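Here the protein sequences line up with chains P and E, keeping their order. Residue 204 in my numbering sits at position 204 of the first sequence, with consecutive numbering throughout. Residue 1331 in my numbering sits at position 331 of the second sequence, with consecutive numbering throughout.
Some clues are possibly wrong.
Claimed, not checked - Now the stretches of chain P that chain E is said to cover, found in silico as 3 or more residues with beta-carbon under 8 Å:
no. : stretch
1   : 68–78
2   : 85–93
3   : 112–119
4   : 221–235
What the hints assert, rightly or not - Some but not every residue of chain E turned toward chain P, in silico, with C-beta under 10 Å:
no. : residue
5   : A1025
6   : S1216
7   : R1222
If you are wondering where the hints come from, they were derived from the structure by calculation, not from laboratory data. Since the model is a prediction, treat every value here as computed from it, not as a measurement. Ideal placement from N, C-alpha and C gives every residue a C-beta, glycine not left out.
Listed below, chain by chain, are the residues.
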Amino acid sequence: MSAPVLQLREVSKRFGGLLAVDRLSFEVARGQIKALIGPNGAGKTTVFNLITAIHEPNGGEVRVEGKRATGLPSHRVAEMGVARTFQNVELFSNMSVLENVMVGAHVRTRAGLLSASFRLPATRSEEAGLAAKARECLRLVGLAEVPPEMEARALPFGQQRLLEVARALAADPLLLLLDEPAAGLSTAETARLGELVKRIRDLGVTVLLVDHDMDLVMRISDEVVVLDQGLKIAEGRPRQVQRDRRVIAAYLGEESSEPEPGEGGGPAC
Amino acid sequence: MRVVTAPPAPQGPAPPRKWLWFLLAGGVAAALPLALRGEYALHLAVSIGINTIVALGLNLLMGYAGQVSLGQAAFVGIGAYSSAILGARWAGVHHWALPWVGVLAGMALAALTAAAVGVPLLKLRGHYLAMGTLGFGMIMHIVMVQWESLTTGTIGISGFAPLALAGLKLDSELRMYYLVAALVLLALAMASNIIDSRVGRAMRAVHTSEMAAATSGVDIARYKLQVFVLSGALAGLAGSLYAHHVGYVNPESFGFAYSIHLVVMVVIGGMASIWGAIFGAGAVTLIGEHLRSLQEFSTIIFGLVLMTIMVFLPAGLWRGVAAGASLLRGRRRGEGT
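Please construct the entire structure, taking both the sequences and the accompanying hints into account.
Structure follows, in structure tokens:
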């Protein structure tokens, strides 16, 4: 059990001539809240897509609890305990709020086509348990007041983000990836989100999050990884990272200070 | 939010009321023959029922899982030919269960074919999937015409025994009606159960966001294939019923035109609407029947009807009528206060 929940080893991803992620390595230890930050286009969402097998890396590997996840399809990575949300909310807009969360628990349920067709007793009790669990997840993220039969697309934007979190939690994940959960939220909503993320961590879920809201990131994260143009330029406790010269340079948009030999985008081919 | 174009959420009645709908539908189906005058009306009712079974399978595929098939007629043909060919071979043997073996063989063969072509075809998306399934349908039609040693080509096959339940021969329109009505209700109930299950939610999830479905643990390829095979099996069943209902099978019935009619049934009935399958199948079957005498003009009128429905009732007949009814009810309530 000593293996970290998530390990990236020398992971690279190239899109045509663009090296979006360049030999990136970092680990997320169990029970941590870790943040991945960086200017726009730094490759943060690409990292999430590499972890969840939406993209396949051109090099390196991703390990979940020491087991290789790279090369597996997305649904198998989900089965390993990785759940995520999306920067541009990806809800199942044709389903109810409750059903969205129930899909999240897909990996924790079994019913197949035949037992579902005839609503066999096992399926029926599974469904009942699932609905109860989904309501529990909705309550946890603060959507207890929303009518569960309401169409997901009818929710206000902030609640859609929370619904995505509830859907991800329904999988009982080991690792939760939050892609810009605070984007588009009000200050009050962001504050509540910070409390929610800490509560999720306290429930035993390891969290890796991407966000541009530095207040939020620095307040709740145990550790921060800073990316710039696909390269890791800093990693450490929030305070250390904030004082790092290269991080400041990257954020203030200065010419990236003293690039180390062998690093940097370079020609793609 | 990235709203992927999708039909409105299925307004499935809450589970406790669901069985009431089926009870009502069963009552209506049982009493309907009393209202239908003559063999011809019953014949049409059976045809509608058979088309409902195909449209229901296609609606699970298209309306719920979001995968188009323009080759669904091929599966109906496979079912029909299985029953006809086996039935004609066994013409000398008299046992009531034999035609049912043909029905099961038809379903199984249609399902197997769907599984075999589904693995490569379902890798395609959108228009490409439409073209792929269209090609499959055309190939199957050519096979039915050209493989004369098996299908007798354009001559067609007749002379196979009707379906029977023990001693009761289902050789009248009325008896066939009750068989088909029972099967339609069974198929509707199963489809309704599937939609409100883990499997159905996975299918609907694939429809709106494959990415979110996959990262939620849904094996996209597997569920696409499952629903494709299911729709193929339902089409195969309907094909076998068709063969025994009409007593004659010929490639003309399973061409491109029928595949298009099936898609129209789904659209008119309402995408992602279980009960809509009955309305869609009913409308298309009746329109087709009434326009038959107009020959080529029928295609024009058919197109006009389709356009009218799409413009004024884009969610389909069933939802359109339901929405209209609730509007009227609201207005009346409004007048009362």
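Hint check results:
1. Counting residues of the stretch 68–78 of chain P whose CB lies closer than 8 Å to any CB of chain E gives 5, so the stated coverage by that chain holds, three being the minimum.
2. Judged by the Cβ-Cβ criterion of 8 Å, the stretch 85–93 of chain P is covered by chain E as claimed, because 7 of its residues qualify and three suffice.
3. Remark: the stretch 112–119 of chain P is confirmed as covered by chain E, as 6 of its residues place a Cβ nearer than 8 Å to a Cβ of that chain, reaching the required three.
4. Counting residues of the stretch 221–235 of chain P whose CB lies closer than 8 Å to any CB of chain E gives 0, so the stated coverage by that chain is violated, three being the minimum.
5. For A1025(E), the interface hint is violated, the least distance from its beta-carbon to any beta-carbon of chain P being 18 Å, above 10 Å.
6. The beta carbon of S1216(E) is positioned within 10 Å of a beta carbon in chain P (closest approach about 5 Å), and the interface hint is therefore held.
7. The restraint placing R1222(E) at the interface with chain P holds, with a minimum CB-CB distance near 9 Å, inside the 10 Å limit.
Comparing the model with each earlier hint shows violations of hints 4, 5; every other hint is respected.
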